[in-house]
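Here the structure of chain A is known, so what remains is to put chain B in place on it, guided by the hints.
So the sequence lines, in the order shown, correspond to chains A and B. For the first sequence, the positions run 1 to 517 when the numbering used here is used. For the second sequence, the positions run 1 to 320 when the numbering used here is used.
Rather than coming from a laboratory, the hints here were simulated on the basis of the structure. Honestly, I wouldn't trust all of these hints.
[Unchecked claim] If you anchor each label on the Cβ, the simulated ranges turn out as follows:
id : chain 1 : residue 1 : chain 2 : residue 2 : range
1  : A       : L341      : B       : G57       : 50 to 56 Å
2  : A       : D511      : B       : I289      : 52 to 58 Å
3  : B       : I136      : A       : D224      : 41 to 47 Å
4  : A       : T305      : B       : F77       : 54 to 60 Å
5  : B       : K160      : A       : K151      : 58 to 64 Å
Beta carbons: idealized from backbone N, C-alpha and C, even for Gly.
Given next are the chains, with one letter for each unit.
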Amino acid sequence: MKKQMAAAAIGLAMMTATVMGVSAQAAADSVIVAVDDDSFTIGPWGNDSSVRDWTENTLWAHLCYRPFTGAMLEAGELQMYAAKSVTKVDDATYDIEIYDNIVDAKGNAITAEDVVYSYDKLKELGYVSEISLYYDSAEATGDYTLTLHLKDSSEGSIEAVLTLCSIASKDWYEGASENEINADPAVTGPYKVTEMNTGSGVTMEAWDYWKSEDLADCEAQNVDEIEIRCITEASARSIALENEEIDMAEISMDDISRFEDNEDYNVTQYLNWMSQYLIFNTSEGKATADENVRKAIAHAFDTYTMSLTAGECVMSYDVAPNIGPDYVAAWDSQEYFPRDLDKVKEYLAAAGYDESNPLQVSILVTSQAPQQPYVALQAMLAEAGIQLTIDGQDRAARQAVQNDPTAWDIAEYSDSVVDFTTSFWNDLFGAEANGGLTQGFTDDPELQSLLQAAIADRSEENMTAFHDYVMDKCYMVGLYTETKHIVTTAGITDICLEKLNPVLNAMTFADDYASVG
Amino acid sequence: MAKYVIKRLLIMIPTLIAVGIIMFTLMNFVPGDPAQLALGSGVHTAAEIEAKREALGLNRPFLVRLGEYVSNIFLHFDFGKSLVDGTDIKWELMKRFPHTAKIAIFSILLTIIIGLPLGIYTAVHANSAGDRVSLIVTLLFDCMPSFWTALLLVLLFSLKLKWLPSSGAKSLKYFILPTIANSLGGLAGFTRQVRASMLEVVSSDYVTTARSKGLPEKDVVYGHALPNALIPILTVIGMRFGSMLGGATIIEVVFSIPGIGQYLVNSINNRDYNACTGCIIFIAFAFAIIMLLTDLLYAYADPRIKAQYVSSGKKVKKNG
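So here's chain A without its partners, still in its complex pose (with noise of 0.2 Å):
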């Protein structure tokens, strides 16, 4: 427990440089990036990928930017990058204003005419779940205003919308070719491409951008240049960052130890997006519909020992750790599932079953993920008298699985707190997100009126309502949530990392730093 707790309080404190009192440097020449996947587009809307995630916002002007997580237009923490000002005329309506002098690189004018095609296209391709989910529709009001419709205005949905959606010229996207897109995009962000390497990497160079007063985070220029090299194996990555062919790098859990302790280089340690949990199918016929196999199987194991093969990792003690404003400390305190063998027993004897009659379950888990520690919790259910049985799928194929309520007991899933706590429970339980059922199949009313009064309103109350009807129930177990770790040489002090990914063109630099490059 001591060992959890220090592990939580690794991840609550969110990052961690390692360099103190190092004299920063306004500005660096250039920087090399090695990232983990060598999937990626680089135009204004594409699927997620580790070079998305970390150029977006550098690449492509969006309305406003989240410096953090949780970040509220409400309260005035969102940044302005695209829009002058955004003003609320009620619930789901805004109106925006945009600066009159965006051009891209290509010496486009932007005006509201291009941030509607923006929204639309982006709605239309799909490849934002968020902007599928909220925003409706736009409509310019002039050259350089629009009034902004949303069609879920929970909390959190204009946020979203403001952030998400990367404003690009009709005109240029229109009439540019694939590959214009894709390599010599006509960016609307800080920096533009000089070169495009498929699958291999970008080269960003900072431009004579169009704004230079009321700068957000995100429109930094503390870099000349930034070049994103893909190596997808975790090992080529740290032998490239020792052989000085790149400067900063993402480095697996088995790698750390060379760069720990190393004034060669500085050590950020973060928390992955994605925290790990099980869910229950409370579908009729199903072991696991009877809530006392639920929480048998929940008290028969802990999710320490689940996460001893997954290196560092912060405990869980809802759907995820301390992330989203509107957790509630206390939870951390509160008893979470501990394992009870005795306590397994009575809920089994409860629902039926005892050693003559085993509980048969099975579990549906990403073949590609590491399976140790399903391993592991198959051990542990094994001892209290429950057998499991582990059934892997890869991706594409367990995308069909589990949504067949006949196909699983157990699922295993991952989902990250992008904004709220309450998000990522609407993900798992929200009737009307998930077509109106929960995840685990459950239809249960009392479960849907908790959760739209959290998401209504965050207050302590409410939220510790929903946590505690869900543990009463017995609805999911949140596991936990690994840490990560990023390497820079030593020159590199500090890579903004508020976001959960760098903000590459706002890192600092020491007075002395040179890249490898």
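Showing chain B alone in chain A's frame:
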């Protein structure tokens, strides 16, 4: 000769169409919903998934989609769009092919440069100490998995000596280690093939005659023996080169080289059916072209084969 080439090119068409049909059919029956894949990993309502399915044309009958897919490829050279990131697959393949081609060309050249003289030497000096040492060394390389060879090379030349980069494809020096790692494994097979072919020839009567005429050994080996041993050697080179053009998958992954092999692996992992099918057809096309060129090289290596081509051409003319 020209007619033979045209005939071979025409034969390629049904072969490639068959590959296209098989791949499209297999991918169609693989579990997983392409519409959900295309929408990404976020939460999507049933209506959104259905709309995407409609937009992708997945609700149309299988035969209609198959016919459209095959005709798009063979009439317009259009492999469709990636389900994952929406990029044009032809564009991706064209961008990645030069990297794969570089590895394939450099690797085959290195294999020939080392393997051919070594094979000739071991044949001419069969059962000598040199022959045995060469056998042991090449077999050792053959037994080492290419990813392991690659890692050893990286550890030595990148991490310890810091002579060469460990990953990437920015310039020619980035291809030195991948080329060596890709070649070493095949060197044993190639050397033994050259040795076997040459052994057969060096003991033949015309070589004995050439020697008895007093020709220098170099002329006997390179002027008389080697040309007659070339056919099986060319076959090995052609097949190896053809398969390399399909992507040295492991080498590309280890060295982070964005080639066809890596694209194929990614598309399989992501269940990007369109990209996967496109890759396989592209690889089949590259292989077929290389095998055609290999067949044509036979004609230059062996006048008897050239004569066959010419005579078959004449027959066609007569019949026509």
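These are the hints, each one checked on the structure:
1. In this structure the supplied range 50 to 56 Å holds for A/L341 paired with B/G57, their Cβ-Cβ distance being about 55 Å.
2. Checking the proposed 52 to 58 Å range against A/D511 and B/I289 shows it holds: the Cβ atoms sit about 57 Å from each other.
3. Between B/I136 and A/D224 the beta carbon distance is about 54 Å. The supplied range of 41 to 47 Å is therefore violated.
4. The hint said 54 to 60 Å for the Cβ distance between A/T305 and B/F77, and at roughly 55 Å that hint holds.
5. Take B/K160 and A/K151: their Cβ atoms lie about 59 Å apart, and the range 58 to 64 Å holds.
The structure is inconsistent with hint 3 alone, although it conforms to all the rest.
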